[in-house]
Amino acid sequence: MRSLLAVYRREILSYATTPTAYVFVAVFLFAIGLFTFQVGGFFAERRADLSGFFAFHPWLFMVFLPAVAMRLWSEEARSGALELLLTLPAPTWALVAGKFLAAWTIAAIALALTTPLWITVNLLGDPDNAAILTGYIASLLMAGAYIAIGSAMSALTPSQVVAFVLAVLAAFLLTALGLPMVSDFATPFVGGAVAEALTRFSILHHFDAAQRGVIELRSIYYFGSLAILFLGYTWLAIDARRGG
Amino acid sequence: MLLEVDGLSKSFGRRAAVDDISFAVDVGEVVGFLGPNGAGKTTTMRMIAGYLEPDAGRVRVFNIDVAEDRARAQHRVGYLPEGAPLYGEMTPWTFLRFIAEARGMPKDAARHAVSRAAQDARLGDSIERTIETLSKGYRRRVGLAAALLHDPLLLVLDEPTDGLDPNQRQAVRDLIRRLGKERGLLLSTHSLEEVAAVCTRAIVIHEGRIVADAPPAKLAEGHADGLEGAFRALTGGAETVQ
Numbered sequence: 001m002r003s004l005l006a007v008y009r010r011e012i013l014s015y016a017t018t019p020t021a022y023v024f025v026a027v028f029l030f031a032i033g034l035f036t037f038q039v040g041g042f043f044a045e046r047r048a049d050l051s052g053f054f055a056f057h058p059w060l061f062m063v064f065l066p067a068v069a070m071r072l073w074s075e076e077a078r079s080g081a082l083e084l085l086l087t088l089p090a091p092t093w094a095l096v097a098g099k100f101l102a103a104w105t106i107a108a109i110a111l112a113l114t115t116p117l118w119i120t121v122n123l124l125g126d127p128d129n130a131a132i133l134t135g136y137i138a139s140l141l142m143a144g145a146y147i148a149i150g151s152a153m154s155a156l157t158p159s160q161v162v163a164f165v166l167a168v169l170a171a172f173l174l175t176a177l178g179l180p181m182v183s184d185f186a187t188p189f190v191g192g193a194v195a196e197a198l199t200r201f202s203i204l205h206h207f208d209a210a211q212r213g214v215i216e217l218r219s220i221y222y223f224g225s226l227a228i229l230f231l232g233y234t235w236l237a238i239d240a241r242r243g244g
Numbered sequence: 245m246l247l248e249v250d251g252l253s254k255s256f257g258r259r260a261a262v263d264d265i266s267f268a269v270d271v272g273e274v275v276g277f278l279g280p281n282g283a284g285k286t287t288t289m290r291m292i293a294g295y296l297e298p299d300a301g302r303v304r305v306f307n308i309d310v311a312e313d314r315a316r317a318q319h320r321v322g323y324l325p326e327g328a329p330l331y332g333e334m335t336p337w338t339f340l341r342f343i344a345e346a347r348g349m350p351k352d353a354a355r356h357a358v359s360r361a362a363q364d365a366r367l368g369d370s371i372e373r374t375i376e377t378l379s380k381g382y383r384r385r386v387g388l389a390a391a392l393l394h395d396p397l398l399l400v401l402d403e404p405t406d407g408l409d410p411n412q413r414q415a416v417r418d419l420i421r422r423l424g425k426e427r428g429l430l431l432s433t434h435s436l437e438e439v440a441a442v443c444t445r446a447i448v449i450h451e452g453r454i455v456a457d458a459p460p461a462k463l464a465e466g467h468a469d470g471l472e473g474a475f476r477a478l479t480g481g482a483e484t485v486q
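So the protein sequences, as listed, match chains A and B.
Here the numbering used here is used: the first residue of the first sequence is 1, the next is one more, and so on.
Here the numbering used here is used: the first residue of the second sequence is 245, the next is one more, and so on.
Some hints could be false.
Stated by the list, open to error - Only part of the chain A face toward chain B is listed, based on derived beta-carbon distances under 8 Å:
#, residue
1, 7
2, 14
3, 17
4, 90
5, 178
Worth flagging that the hints you see were computed from the coordinates, not collected in a lab.
Source: prediction; values computed, not measured.
Cβ atoms here follow ideal geometry from the backbone N, Cα and C, with glycine treated the same way.
Please take these sequences and the hints and turn them into a complete structure.
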């Protein structure tokens, strides 16, 4: 546990002392603002809710969070510091968890910085605050899944760029499976039942469900399992390096 | 015995990097690990430190099998990886605090350990500057301090003086000599003069196998140019020289 906390603190310090995290959070905030107001038509809707805001989260997270997570392991492998970490008497899972939690904290900070929007809709009208809170919780859980994907891809390669591209690709596949466009396209090939099952397996499907104001246990399980699956994979990939 | 290495082997693909190596290190010994590049020195040290898993054979640190109980063995080894990788954006102080806490030390103990190791490694007043702005010699000393944090009896140092200027080299050698009195040390190096200066024993490794294991003075016996001649004769460099 001490090792986990030590790794977590070091990662947070590293995010805080290098400009990348600030740049990514700033770009994310700019992009989410742009999408919500320009593309989502926040004012044109003339409704006091944040559905237009949340709808863009999967698509922005898909690019933004792999960028936050890409350095987690790639940078260690490139600089040789991985050898330092793996010769500490700390279990590999504690290193994986510490790094994941640090990146997730960055995502949480980025999300927290969007709350002025929440305040704004309350000034403009009378929104369903419970639904908005649910949206934030679902968004945070979804962010955890995307970061776990980024961490797994980062464990595969010493190149941050390769890790980023792989993670965006994996995240896109898992998200886009839920688009009607994709399932309509897949139906003639694999049959309606399989296309439907694939849709249910997508991030979009579960995030949309939470968007309707109820966060289902199933969606919590889904995002949790996705994160655990990819973190487990990270663990295996890092431990496999000991085999040479 | 502090360290027992028994029948250790490791291959990468079809190339045998380390091939059936056995030796032991006891308290008070400073063992120099010699050999041409690619002879298997780093691979052997990585297996002792628990970074790589051997294909065959075993490493025991204080009678603890590294493969069976890695974390417990790693608690007892101080390891300086080749090139002393550090986190450039941290200061030596925060870096050492991180290593101490990741090793499981509580906050107070970690602070004490860092102060003591910083003193042992003669880090002085640059401890608050970021690591990437420090000289190579100073960075090496930070790596050494990290290896000393938990006051291990066994130190495994991979090329601790490589790439340092003569003054920095001398400082690190003094430190090694001081540490060697009450600990066991295994250090790899390309500098034969260093072996003569600090080591009580030299192990020469060539193509993954041990070709000599003796005190440096004994190794140099019968060779016109001392250790260097012995090294060339043992590692097959003699033909190219003649």
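Against the structure, the hints:
1. Contact between residue 7 of chain A and chain B, as hinted, is supported at the beta carbon level, the nearest pair being about 6 Å apart and thus within 8 Å.
2. Here the hint on residue 14 of chain A is kept, as its CB sits about 6 Å from the closest CB of chain B, short of 8 Å.
3. Hint on residue 17 of chain A holds. Least Cβ distance to chain B is approximately 5 Å, under the 8 Å limit.
4. Checking residue 90 of chain A against chain B: minimum C-beta separation of about 6 Å stays under 8 Å; hint holds.
5. This hint is violated: residue 178 of chain A has a C-beta 39 Å from the nearest C-beta of chain B, more than the 8 Å allowed.
Checked against the numbered hints above, the structure breaks only hint 5 and satisfies the rest.
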